[in-house]
Structure formats: structure tokens, C-alpha cells
Amino acid sequence: MTAGILHAFASQTFPSPTPSTVPGANIFTSAFILSIGIWGPVVMAFVIGVLPNPRGRYDTLIKQIAFFTNLMVLFILFVAYNQFQNFLPSLQYEENRQWLPAIGASYHLGVDGPGILMVMLSALVGIISVLASTGIRTRVRSYFALLLLTQACVTGAIVAHDLFVLVLFWSAATVPLALLILGWGGPRREAAAWRLVGYWGAGTVALVLAVAGIYVATGATSFDMEVVLKAPIGARAEVIIGLALLIAGATRLPLFPLHGWVRDVYSDAPIGVVVVVASSASRLGAYVLLRVLVAGEPDGAKLLAPLIAGIAAVTVVYAAIAALRSVDIRHAAANLALVPGGVTALGLAALTPLSITGSVLSLFAGGMASALIVSVFATVSDRAQTRNALALSGLAARMPKLAWLTVLAGLGVLGVPVMASFTANEMTFFGAFRTQPVGAFAVAAGLALTAIAVAVLIQRVLFGPPNPDAPAVSDSSLSETWFLGLLAGALLWVGIVPGGPKIPGTDTPLFDPGVVNQMVANIPEIAAPYSGTTTP
Amino acid sequence: MTKYVLLLPEALVVAGAVFMLLLARFAPSRYRRWRTSLPVLAVLILLAALAVELRVGADVGSYFGGALLVDRFGLFVKAAVLLATAVGIAVADWGAEDSISIGLAMPMLAAFGVMVVASGGDFLSVWAGLELAGAAGVVMLATRRPDSALRLLLLGTAASALMLIGLAYVYATAGTADLGGVHGALLGVAPTLPLAVPVLVLLGALIYRASLAPLQLGAAHGLAAPSPMSIGLVTGLAAAAAVVAAVKVSVAVGAVSVAFSPYVEIVAALAMAGGGAGALAVRSPRTRIAFLAAGQTGWVIAGLGTQFRGGIGATIFLLGALVVAATAAPAAAGAAGISELAVSGLGTLRRARAAALSLAMLSLAGAPPLAGFFGEFTIGAALARSGHFELLAVGLLGSLLSLVAAIGTVRVLYLQNPPEEGRRGLVALPVWTRFSALGAIALCVVIAGYGVFANPISSLADQGAAALGLR
Numbered sequence: 001m002t003a004g005i006l007h008a009f010a011s012q013t014f015p016s017p018t019p020s021t022v023p024g025a026n027i028f029t030s031a032f033i034l035s036i037g038i039w040g041p042v043v044m045a046f047v048i049g050v051l052p053n054p055r056g057r058y059d060t061l062i063k064q065i066a067f068f069t070n071l072m073v074l075f076i077l078f079v080a081y082n083q084f085q086n087f088l089p090s091l092q093y094e095e096n097r098q099w100l101p102a103i104g105a106s107y108h109l110g111v112d113g114p115g116i117l118m119v120m121l122s123a124l125v126g127i128i129s130v131l132a133s134t135g136i137r138t139r140v141r142s143y144f145a146l147l148l149l150t151q152a153c154v155t156g157a158i159v160a161h162d163l164f165v166l167v168l169f170w171s172a173a174t175v176p177l178a179l180l181i182l183g184w185g186g187p188r189r190e191a192a193a194w195r196l197v198g199y200w201g202a203g204t205v206a207l208v209l210a211v212a213g214i215y216v217a218t219g220a221t222s223f224d225m226e227v228v229l230k231a232p233i234g235a236r237a238e239v240i241i242g243l244a245l246l247i248a249g250a251t252r253l254p255l256f257p258l259h260g261w262v263r264d265v266y267s268d269a270p271i272g273v274v275v276v277v278a279s280s281a282s283r284l285g286a287y288v289l290l291r292v293l294v295a296g297e298p299d300g301a302k303l304l305a306p307l308i309a310g311i312a313a314v315t316v317v318y319a320a321i322a323a324l325r326s327v328d329i330r331h332a333a334a335n336l337a338l339v340p341g342g343v344t345a346l347g348l349a350a351l352t353p354l355s356i357t358g359s360v361l362s363l364f365a366g367g368m369a370s371a372l373i374v375s376v377f378a379t380v381s382d383r384a385q386t387r388n389a390l391a392l393s394g395l396a397a398r399m400p401k402l403a404w405l406t407v408l409a410g411l412g413v414l415g416v417p418v419m420a421s422f423t424a425n426e427m428t429f430f431g432a433f434r435t436q437p438v439g440a441f442a443v444a445a446g447l448a449l450t451a452i453a454v455a456v457l458i459q460r461v462l463f464g465p466p467n468p469d470a471p472a473v474s475d476s477s478l479s480e481t482w483f484l485g486l487l488a489g490a491l492l493w494v495g496i497v498p499g500g501p502k503i504p505g506t507d508t509p510l511f512d513p514g515v516v517n518q519m520v521a522n523i524p525e526i527a528a529p530y531s532g533t534t535t536p
Numbered sequence: 001m002t003k004y005v006l007l008l009p010e011a012l013v014v015a016g017a018v019f020m021l022l023l024a025r026f027a028p029s030r031y032r033r034w035r036t037s038l039p040v041l042a043v044l045i046l047l048a049a050l051a052v053e054l055r056v057g058a059d060v061g062s063y064f065g066g067a068l069l070v071d072r073f074g075l076f077v078k079a080a081v082l083l084a085t086a087v088g089i090a091v092a093d094w095g096a097e098d099s100i101s102i103g104l105a106m107p108m109l110a111a112f113g114v115m116v117v118a119s120g121g122d123f124l125s126v127w128a129g130l131e132l133a134g135a136a137g138v139v140m141l142a143t144r145r146p147d148s149a150l151r152l153l154l155l156g157t158a159a160s161a162l163m164l165i166g167l168a169y170v171y172a173t174a175g176t177a178d179l180g181g182v183h184g185a186l187l188g189v190a191p192t193l194p195l196a197v198p199v200l201v202l203l204g205a206l207i208y209r210a211s212l213a214p215l216q217l218g219a220a221h222g223l224a225a226p227s228p229m230s231i232g233l234v235t236g237l238a239a240a241a242a243v244v245a246a247v248k249v250s251v252a253v254g255a256v257s258v259a260f261s262p263y264v265e266i267v268a269a270l271a272m273a274g275g276g277a278g279a280l281a282v283r284s285p286r287t288r289i290a291f292l293a294a295g296q297t298g299w300v301i302a303g304l305g306t307q308f309r310g311g312i313g314a315t316i317f318l319l320g321a322l323v324v325a326a327t328a329a330p331a332a333a334g335a336a337g338i339s340e341l342a343v344s345g346l347g348t349l350r351r352a353r354a355a356a357l358s359l360a361m362l363s364l365a366g367a368p369p370l371a372g373f374f375g376e377f378t379i380g381a382a383l384a385r386s387g388h389f390e391l392l393a394v395g396l397l398g399s400l401l402s403l404v405a406a407i408g409t410v411r412v413l414y415l416q417n418p419p420e421e422g423r424r425g426l427v428a429l430p431v432w433t434r435f436s437a438l439g440a441i442a443l444c445v446v447i448a449g450y451g452v453f454a455n456p457i458s459s460l461a462d463q464g465a466a467a468l469g470l471r
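Quick note, the sequences are listed as chains A and B, same order.
Using the numbering used here, you'd call the opening residue of the first sequence number 1 and step up by one each time.
Using the numbering used here, you'd call the opening residue of the second sequence number 1 and step up by one each time.
Keep in mind that the hints were calculated from the coordinates and are not lab data.
Ideal placement from N, C-alpha and C gives every residue a C-beta, glycine not left out.
Do not take every clue at face value.
[Unchecked claim] Pulled a few chain A residues facing chain B out of the computed Cβ check, cut under 8 Å:
id, residue
1, 101
2, 179
3, 182
4, 205
5, 208
6, 212
7, 215
Same shape as in the complex, but just chain A:
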């Protein structure tokens, strides 16, 4: 399947999927399906917030409410994913209502191929983050209410098709995340939370300035992406706006040198929050670059492409070297989690249809891989009672489940075959070597360094001689195995059957039409301005 996709893109043609009936399709329809995905968790967060919980009596019930809310959202959005018509380039599940007519802002939601992929990522991460949070014992009500609000904000930013709505949800995510870290984080939670607020806040300032620039340059009548991103605004304005967007995206994804929040947040936030941040919330940075810069400002994107490719390369190389030098395994994992973002940025910088498609898949695969590597090392450090890599050794025999998951996490970051990140990296590099050969080579070299870092880390922690002086260790609990397994499973599922499983002997999808089939909708239109792009 992967080979077929690659072949299709290499020959500059896109697969032309035809409408096909998927078992389970059309069992649920709603004109507000995306709004349900956003506001459902908000309503349930409110319910959890007002639920009386004397002395933690209903802690389990609250966790169940959060879990089943996310399960319901996942189910609804999976139905939307199944019914998504990948042969249409237009927005689907569209909702459009006037909100602030005085400035031309509207409540405009909709998804195309990349959007439906990100929505699925967000919904899946919702379930996983709740499973990863079952160990929360204090202020359970507040924790899960804030977690649901965070997920709603991330979903809202993904499906927003109006720049006002995008800014609203993009910036709103910061408040609950900061409170989650402040309330349930580790010893350095203060630094983690305020760094997150500072960097993401700076990114929000940059995004608002970019949005304001687009608004003014297009006549100051609308924030609707359908309107403002199709209007020509001149190369100079596009470059200035593009720089602001790059700062906004780089603070979230994150990219060097705006990655200052990563180490503290990934090593001191509660694991459930780390899962959300590392997977879906941080991918919003690349998603905004794709949605606004690449799709809307082609002149700016072309001129800034070498810069973005350079930043991507520096990010990957820096991440690998920093991981190699880290003694704290959670810091090492936090640095390794930067790598997929660098690959995603490279794909966006290359501006070829194939590399953009690779970037889109990398949003999903990179998000999962980043979340897996950070959370698996967080679990290892919890179970081993130390974060010091020098004190950890030979854990594989004593924590076999975690050992497997750690190896899968390392492979996921590297993008080896059978992992979803492999398909994404393949597409990205095949596309990028045509237009950004230097950047692609540098990122590839960074990946080689990353392989060394992963190998050293895994060898040191899992397969070295056991340290008799190390504290006692235990393997992952059932809930930890489940949430880590789901992350690893998603990476493997998309890696093994990117086109979805088929009924044996037929071309009919079994129940999943396939990520690579769904996500390509609208990518040809996004890539159209760059069809003649050559090496600068």
C-alpha cells in the first residue's frame, strides 16, 4: 500500500478514490457533528465541575464520565471519518454562522483531509489521556474538567475555518493546560507552567499579529479562511505574515530555538497532560503553518521555505545531541520528542505535493511517536523510582512490557518500517530531496544522530548489566499498559495498513477506509501553487 501511494505521488498524480461504502457508514449524521466534538467535552467538563464530590466519593464516577465522554466523541468523529468523502476537495461537515458581523468574524467550522486526520488524532488522544490519568488522586473533579476543556480547545482549533475561531481556541488551550501543570505537576511544575504560558503566549501574540495582517491586507472585511486565504496580498506582506506564523508555529510544534518549554513540561507535567501536549496540542503549530502559510500565502511560503528547512534541520540535530548528552531519561525523551516536529517542518518547507502529504501524515504519526516516547520514559522513571540514566540499567528483564513499549517508542521516533512514522518520513524525504536537498540531508543526518541517541538510551536503560544499587522496579500497571499500548498500537496500525484493512479478496474497506486515503482530500489544492517549485 505504501509503495503504491509513493508511486502515485512520485509520478505527480494523486490517487483518485471513488465513493465506497464502508460498513458502519451513515449510521449517524448531524449538521453539528464538529460542534458536538468541541462542545460535548465542554458541557461534560461543566457537569463534572458542578458535580458534588464530598471527600472524593465520586472520583471513580468522574473518571468514568471523562472516559465515556471521550469514547463518545471518538465514536462520533470516527463515524465522521468513515463517512468522509475523500474524493471531494471541498470542506465537509461545514458549519457557518455569523458571530461578530461588525468585524466579519463567523463561527465557521469544517474539515478537509488533513483536518479529519487531526480530528481523529485529537479524539484518540482524548481517550488515551484519560487512561493515562487514572492515577490522579487529588482534586479529581478539577483535573478531569480541565482535561476535557483542553481537548475541546484542541479540537476547536483543528476544525476552525475562520481565523477568529482559530485564535480563540488556539489561545484558550493555554489556560487549562497551565492550571493542570500547576496543580498536578512534578517538582518543577512552576517553571514548567510559566514557561508554557510564556512561550505559547508569545506564539499567540505572533499568531494574532499575523491574523491581523492578513485581515488588513485582504480588505478588513472577513476572517473567513475561505475568503482571506484565497485573496492575493503581495509577496512582501506574505513574508512578514509568514514570519509571524512561523514564530507562532515554532513555539507550539516546537522548533529550535523556541522550544524552551519542552524539557520542563514533558518531564514535570502529569502524564495525561504530556500525552495531550506532545501529540495533538503541539501539532497545532505545524497544522497552522500548513493551513494558513502553505495553503494561504504561497509567495511567503516559497520565500521562507529555506529558513523553515534550516530550522527543521537544526531542531532535529539539536534534539539528537541534547538527548545524547542528557543524564535524566525524561529530559532525553523530551528532546527526542522534538524530532518528529522537525521532520514535519521539513515536509512543509519542501512544498511539493508528496512532502506536504508526508507532513500531514507526520502530524498524526509524529504526534503519536512524541507522546509515546515521552510518556513511556515517564512511566519507566516512575516504576524505576529514578530518572537518572546512570543509575538505570538492565531493566528489560524486570519490566518486560515497558521494555517492549520503550523499544517501539524509539522506533516510532526514528520512523522505521511498520511504524506510521516510516510512511510519513518516506513521503517527506522523497518530496523534500527535490526542492530542499540541503535541508533534507541535514534532517536525515539528524535522524542518524537520533538513531544513535535512541540506541544509546535504550541500551543503557534496558539492556545493560543490572545495577544492584538501583531502587526496586516494577512493570507497568494495567492502565499504563493500555494507554501506552494504544499509542504504540495506533503507530503500528497506520504503519502496517495505512490504506485500511480490506475484506479479504476484495477492495472493500473492512471498517477503516484508511488514513492515507482520507487525508489526501484537498492536498492537491493546497499543493497546487507549488507544482512548479524547483530548488531555489
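Guided by the hints, dock chain B onto chain A, whose structure is given.
Just chain B, lined up with the frame of chain A:
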């Protein structure tokens, strides 16, 4: 007679305030018997006035030879002020106030003052309304802190003196005190220095009253600190009176906006950045609210510099959000608002009040998706439209600082355990009553619903800007 129905809201508010004062003075036994019910009565009077205003306020009228005008601008401002006063009274902890009669009458008089400013058709009525609102704040403060009241009185007097000088010069130049007449007379006048100076003095005095006076109060600590309602009155209603006056005067002298726009921009930038930085530098929730309000007032002032319908419409839109949050937030914090320790764990002990305080502070900080965010975003769009990107950037940075400060207080409210009673000091938690809980819920609904219903509200604000004569 039917023509005067349009003034019924003002009459109801004044009658309510006078009733509160007279009841305590001339019927003390009944006052003692009814004192717990008086806040409910005051809220009902304000809501009745609001209902009448919404019902008949859409009509247009002119009274007392053009001194008072009823138009969409007045409708918006009066509705916002009546709602803010009602919610503030409802959410207040009346156990922390020194006098219920004064505590109810003064906010109502201040609201009346803002209503007069909003309806003012000439300099005199605008000035009178402004002074009434300011005087109500002084009286309210004086019940516990005569020194603070005296300071506010002196500051207010200085501002008034400057304002009167400015008004006199503008009157001399335009030949009329009528706002519409001034607007027309200045259309063909070149913005010379002799005209620019009084305009600057006039607007400077108004902006000073709007954004700086609250800072004088927020810093007062200790048991003798001003009562929560008096802080709300000064940071919310009295400041709103000055802002509304500034809007009206700036539009009237808009023809020479080139003379005052740069000054307004600098003041706005200082207020936005200074408000955020100040909020970050202090820990007391009450002081933080005062700085957050000053920061958001900076956004409102920034909107004044745009001088086109969309920009002034956005200013009015944010003003509605500001007046509700700034009036009600100190009242929601109650006496415990003087220190961070005193409000620790309020989210566990007084859930509705803590939610109201959190939402109000986050709204003042411009956090989405609350009322303040929508207002600041619309002003941001207007600033971008008028090319003030540098001012927008400063405002966004100020809002970021404000947000960090607001998150800090929300964290204390919800993520810290309540201290032992002995450690809380002598500051009592706000008393829980069903009425105050309802008030807190109403405040939450207003602040969260402002964005949901942004379409009709911003449309009304836009019509308000049009009523001022802007296109």
C-alpha cells in the same frame, strides 16, 4: 407624558437610591427589619429599569433642550451599567459592608451618573454625570476609609479642574457646548496647537479618571481596607463614567483627532502594558483586579484613537464587558480579596463565588472565550484596520502579562487547600447566601454568555457608534 417614559429607567434608579437612604434615616426600625431583603429589592429595581430600558430604549428622544439624548449609544451603555450594578449588588457579601443603605444607594447613584453621561447631549450634562458617579465613589469610600476618600476626592477634583479648563477652551473655539454642535463646528477647523492643548487636557483628565484612580485604591491593605463594594464602584462604575465621557468627547472633537490620537496611543500603551505588569507584580486579588481593570481600560482607550465607526463600536463593546467584570469582581471576592491567603481554597468553600471571581478576572485579562476576549479582539481588529500594529502588539503583551496574573489567582482559588481558620487572619470568608450564589451564577452567565451572544451585542454597540455620528 408618554415621551418621558424613556426616562423611566433613570427615574427608577434614582428613586431606588433615595429610598434606600431615606429608609435608613427616617424609618430605622423598618430598615433593621428589612435590611437583609434590601439588596434583593435593589436588584429588582435595577432589573426593572433594565427591562424598561431594553423595551423603550430603542426609541430616540431629546430632553431638556438637547441636554439629554436617548439613542442607541445610551441604550447600550445604560443596559451594561444597570446589569453590572445589579450583578455587583447581588454577588456582594453584605456582611463585609459598613452600611447597607449607603452600600446600595451609592452604586445606584453612580449607575445613574453613568446613565446621565451616556445620555448627555452637551458638556454640562456629561460633566454632571461624571461628577455624580465620582462623588458616589467618594461617599462610599468614606464610610470606612476617609483618607482614601479624601485622596480620591482630591484626585477627582484635579481631574475635574483640568477637564473644565479643556471644556472651556473647546467651548470658546466651537462656540457651543452641545456635543453635536462641537462636532460640526470643528469639522472645518485646522488642528492648531491652541486647540490641541485643551483637547489633550480634556481627554487626559478623563483618561486619568478612568485608568489611574483605581490603582490608588487597590493598594490599600489590612482590615481597614475599603469595602469590596466601594472598590467595585470605583474600579467599575466611576471608571466607566469617565470612559463613556471620553468616548463622547473624543467623538465630538474627532475632527481634530490628529491632535490627540498619538497621545491617546501612548496612554493606551502605558495602561495596557502597565496594567498587565502591575497585575503580575502584586498578589492581593483585589489589587490584581484593579490592575487588570486598568489594563483593559487601556484597550478601551486604544479604541478611542481609531475614530471610525467600527473602532468606536468595538470600544463600546469592550466597555460593556469591562464594566460588568470590574464592578462585580471585587464584590465577588468580598473582604477576603485583600490577600491571597484569605482566598486560598475558595473554590472548595464557596464554589459559585470562586467561579464568578475566576471568570471575571480571566475576562479582565482577555482570556478566551470570555467577554473581555471578544471585546479586545474587536478592538484589535480596529487597531489593525487603522494601521496601529505596534499598539496592538503592546496590548497583546499586556494581555499576556494579565493572563499570567489571572491564572495565578485562579490557581490559588482552586489548586490550594483552604488555610486553617487561624492562618486566614481576621478576614472572614464571604457569607454564603442563596441570593449571593445566584448573583455569582448570574455573573458567570453574563461573562460567558457575552461571547455566545456577541452577534446581537456587538451589533448594538455598532449602532451606538453610529448614533454618535460616526460612519
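Comparing the hints with the structure gives:
Proximity of residue 101 of chain A to chain B holds as hinted, the smallest CB-CB distance being about 6 Å (cut-off 8 Å). Residue-level restraint check for residue 179 of chain A holds (minimum Cβ-Cβ distance to chain B is 6 Å; threshold 8 Å). Interface hint status for residue 182 of chain A: upheld, as the beta-carbon distance to the closest one in chain B is roughly 5 Å, under 8 Å. Interface hint at residue 205 of chain A: satisfied, since its Cβ lies 4 Å from the closest Cβ of chain B, which is below the 8 Å cut-off.
Contact between residue 208 of chain A and chain B, as hinted, is supported at the beta carbon level, the nearest pair being about 6 Å apart and thus within 8 Å. At its closest, the beta carbon of residue 212 of chain A sits 4 Å from a beta carbon of chain B; the interface hint therefore holds under the 8 Å criterion. Annotation: interface hint on residue 215 of chain A holds; nearest CB of chain B at approximately 6 Å, less than 8 Å.
In summary, the structure agrees with every hint in the numbered list given earlier.
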